[in-house]
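> Place chain B on chain A using the hints.
2 protein chains.
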Amino acid sequence: MGDMSGRVFNFSAGPAALPEAVLRQAQRDIFNIADSGIGIMEHSHRGKVFDRITDETEALCREVGSVPDSHKIFWMMGGATSQCYMVPANLLGDGQTADYFNTGKWAGDSIREVPLYGGLHICASSEPTNHDRIPAPGDVRYSDRPVYVQFTSNNTIVGTEWRGEPEGIPDGSFLVCDASSNIYSRPIDIGRYGLIYAGAQKNLGPSGITLLIAREDVLGISPRKLPEMVHYKNHADWVGRFNTPNTFGVYLMGEVFRWILAEGGLGAMAEKNEAKSKVVYDFLDSQDFYTPHAREGSRSRMNITFRCPTGALDTVFTQEAEKAGLCNLAGHRMIKGMRASMYNAFPIEGAHALVGFMKSFAHEHASAARA
Amino acid sequence: MGDMSGRVFNFSAGPAALPEAVLRQAQRDIFNIADSGIGIMEHSHRGKVFDRITDETEALCREVGSVPDSHKIFWMMGGATSQCYMVPANLLGDGQTADYFNTGKWAGDSIREVPLYGGLHICASSEPTNHDRIPAPGDVRYSDRPVYVQFTSNNTIVGTEWRGEPEGIPDGSFLVCDASSNIYSRPIDIGRYGLIYAGAQKNLGPSGITLLIAREDVLGISPRKLPEMVHYKNHADWVGRFNTPNTFGVYLMGEVFRWILAEGGLGAMAEKNEAKSKVVYDFLDSQDFYTPHAREGSRSRMNITFRCPTGALDTVFTQEAEKAGLCNLAGHRMIKGMRASMYNAFPIEGAHALVGFMKSFAHEHASAARA
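Residue numbers (our numbering), protein chains in the order written: chain A, 1 to 371; chain B, 1 to 371.
If we strip away everything but chain A, and leave its shape as in the complex, we get (with noise of 0.2 Å):
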């Protein structure tokens, strides 16, 4: 299965696969980087080279993400989990409160480190129904004067997904996001957030390099002393380059980027990833022997979960399914059972097999399961 270069249909929820054409090319700038008879790793962050790609990337970011000219955009290093702190000891005071919405792991990695820097209010949990769906607006309990108000935008590891922005928000508080796995696969109005990141390595590239865009008032709020590798205006000031920055994720985002505008951008991505992700939903709609983990209405495009009737299957199918050339289909291990994610870069033909593979596996299981 695959490709007739010999590639599978990589389910991996990051990180996850990457445009073939844009792999083409890295082997191709890796050696030899526009003429410059040096590889694009072992260019100066300082460089003419590097200029350049640092400008376009910036360019193609904000073109293909429609950022208005009242956003800042740059990247960090440390992953999307060095957020989770960066995030309030940048923006929240002492005797200030940031409203949270816990919707699954990494919203609690988030909520973890905010009691270092200021009141946690949590404005709604998926806690207790194992994080199967996205909160119900009337769920929803403001605090009465959050900084700002967090959410997931896409939850990787339950397979939950925002349809859109948490609503009705506090006036004077802004929105802060976590969109590392689902950034950039439909269009969003960048103008309604504050503060949206990402690690680049589901969507965007490969991981190492986190993608931030915020709005240049948040940048100036930071209320304390702080390292001066933790301060974002040093980051946004530098565009990324306040020190020197993972130069080949930089440089790899940027062809992702021009990657999406090739295909169509945001637009395009979300027709296919709206495609792809129904081929799966409508088979699980269709059949009785694979459990899905999402509710409906919450349900994500990216990352897919469900389960087969026992533990031991869902052990079974990961197996049969990798020797099929179906790979990375295990579950996370805090909800087991399987996980497809298919990204921006994941082929539609991929979805087509995978149902095909959980029909006849479930075929073939049927009995085994009623026993």
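Derived by calculation from the structure, the hints in this document are not laboratory data.
Please note that a few of the clues may not be correct.
Heads up, the list lumps identical chains together, so a pair's fine if it works in one copy or across two of them.
Claimed, not checked - Quick list of in silico lysine to any residue cross-link-like pairs, SDA-like style, CA-CA up to 25 Å:
1. K105 to A136
2. K336 to P223
3. K233 to S173
4. K225 to T97
5. K233 to S222
6. K323 to E167
7. K48 to E263
8. K336 to W238
For chain B alone, coordinates are given in the frame of chain A:
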């Protein structure tokens, strides 16, 4: 100039030249590594292929550097610059003091962060002579009971390098070393260090990954509540996988270690680096057109700094050198002039080519300089 594949001599101070054999291997592995049907950047950081890469990179790092069992090996993101605050955040308590050698910009960046966490004592400084030398033992005054003594083993910008480690540090303290620009360029006794760290982009791999080697008892002394991502112990316990690491960086660092071993290990690296720098220093000492910046006895084998009789000639030099395929020779903006960086992967042919160019340039411009 350069080799038949169109590559030039790249004197970049970092990100810097990588071994061509490693780049060739990476070209293959980014599309499909180990016949997995998946490229190295697309593999889950918790999957079998990356498990093996993590294990191998760690084992190769230990073998290359003869790292004793007392020391843990791991990696982080954020560059060596993030270590400026992470070192005192992890190791220094309120009311405790750390001693720092002030030998250049990177030392200065570290020194700046210390007061956020504890007491700072400058045990020696080369600032009065524009950092043209490593402090002599007689000029060092340690504080009474420092927790640790920090030094920068090679100063990339000014081109000075320690021959060994600082001697006679107070009982009970340990050495912390920023070895970003000369790690694994020669054998050192890692057992003498409490903590040694290095950004990878000079001798070890691409930018965006920092290697840390720490004595196990040092990792446990964190004196305060820190964000989880700042705690050394988390990263050490997970061998760099506490969160999603720069997976491509881990892979490439492993390939560089493999290349170092194939070339004969750190002994062979030391000989080659000594020979390369001797080619240029011998020439510098034989003429009076160019003025070297670093004093004899403190000269770096990695970064050779010198200048022409005038600043205008410096500019002409770097421009004409670039046309001749000798690239990235402009000195750092802090000291200007020229800087020839020749890390492990830089070939001795480049050192000879540089001296050849320096000779003709001096010959051509000698009268202009006298005028």
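> Hint by hint, note whether the structure agrees.
Here's how the hints hold up against the structure:
1. Taking the shortest Cα distances, K105 and A136 sit within 25 Å of each other inside one copy (19 Å), while across copies they are farther apart (53 Å).
2. Neither within a single protomer nor between protomers do K336 and P223 lie at most 25 Å apart by alpha-carbon distance, with minima of 41 Å and 37 Å respectively.
3. In this assembly of identical chains, the alpha carbons of K233 and S173 lie at most 25 Å apart only when taken from the same copy (19 Å versus 36 Å across copies).
4. Taking the closest pair of Cα atoms, K225 and T97 come within 25 Å of each other both inside a single copy (19 Å) and across two copies (20 Å).
5. Taking CA atoms no more than 25 Å apart as the test, K233 paired with S222 passes inside one copy only; the shortest distance there is 9 Å, against 28 Å between copies.
6. In this assembly of identical chains, the alpha carbons of K323 and E167 never lie at most 25 Å apart, being 45 Å within a copy and 59 Å across copies at closest.
7. With identical chains, the CA atoms of K48 and E263 are never at most 25 Å apart, being 29 Å at best within one copy and 32 Å at best between copies.
8. For the identical chains of this complex, K336 and W238 are inter-copy neighbours only, at 21 Å across copies versus 42 Å inside a copy, given an alpha-carbon limit of 25 Å.
Hint compliance for this structure: hints 2, 6 and 7 are broken, all remaining hints hold.
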